[in-house]
Amino acid sequence: MAKRKNNELNDLRLKQECEIRTDLLEQLDDNGMIGKQYEDMIEDYVELIKLKNLLIDDIHTKGIRSRVKTGNGFFQTKPNESVDRLLKVNAQMLKVLTELDLKKPKAADEDDLL
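In terms of the UniProt record's numbering, the sequence shown is numbered consecutively and its last residue is 114.
None of these hints come from the bench; they were simulated from the model. Fair warning: there could be bad hints in the mix.
Ranges between beta-carbon positions, derived for each pair [to be verified]:
hint : residue 1 : residue 2 : range
1    : Asp40     : Ser66     : 33 to 39 Å
2    : Asp57     : Asp30     : 32 to 38 Å
3    : Asp57     : Leu25     : 23 to 29 Å
4    : Gln76     : Val96     : 34 to 40 Å
5    : Asp30     : Lys5      : 33 to 39 Å
Every residue, glycine too, gets a C-beta built ideally from N, C-alpha and C.
Turn these sequences into a full structure, and let the hints guide you.
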């Protein structure tokens, strides 16, 4: 059951990535920004989306704080590093959009991922 749900989520994410890529490429074309360097930046943006989703999955799995065993055998809780990394990835995504003078595309089923 969990594997099926995971496959559905992956399919939904793949569809979302394709829609976002298409929308951003159309915006580039509409703005007259033609060139492989711009297309490469769009691919970077799509990779950031994938990374963002992995970080979100990790946060959902481990939580905001995780319990770890220290070298001396004791347990302690520490912040999940994915939270901080997620903020950095989101900031980088915004920088890419700003650099290309694009607007964040709305995927059809974006709210379904939450």
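Comparing the hints with the structure gives:
As the Cβ distance of Asp40 to Ser66 is approximately 35 Å, the hint placing it in 33 to 39 Å holds. The beta-carbon spacing between Asp57 and Asp30, approximately 33 Å, falls within the hinted interval of 32 to 38 Å. At about 27 Å, the CB distance of Asp57 to Leu25 agrees with the hint of 23 to 29 Å. Range check, Gln76 to Val96: about 37 Å between beta-carbon atoms, so the 34 to 40 Å window is met.
Range check, Asp30 to Lys5: about 37 Å between beta-carbon atoms, so the 33 to 39 Å window is met.
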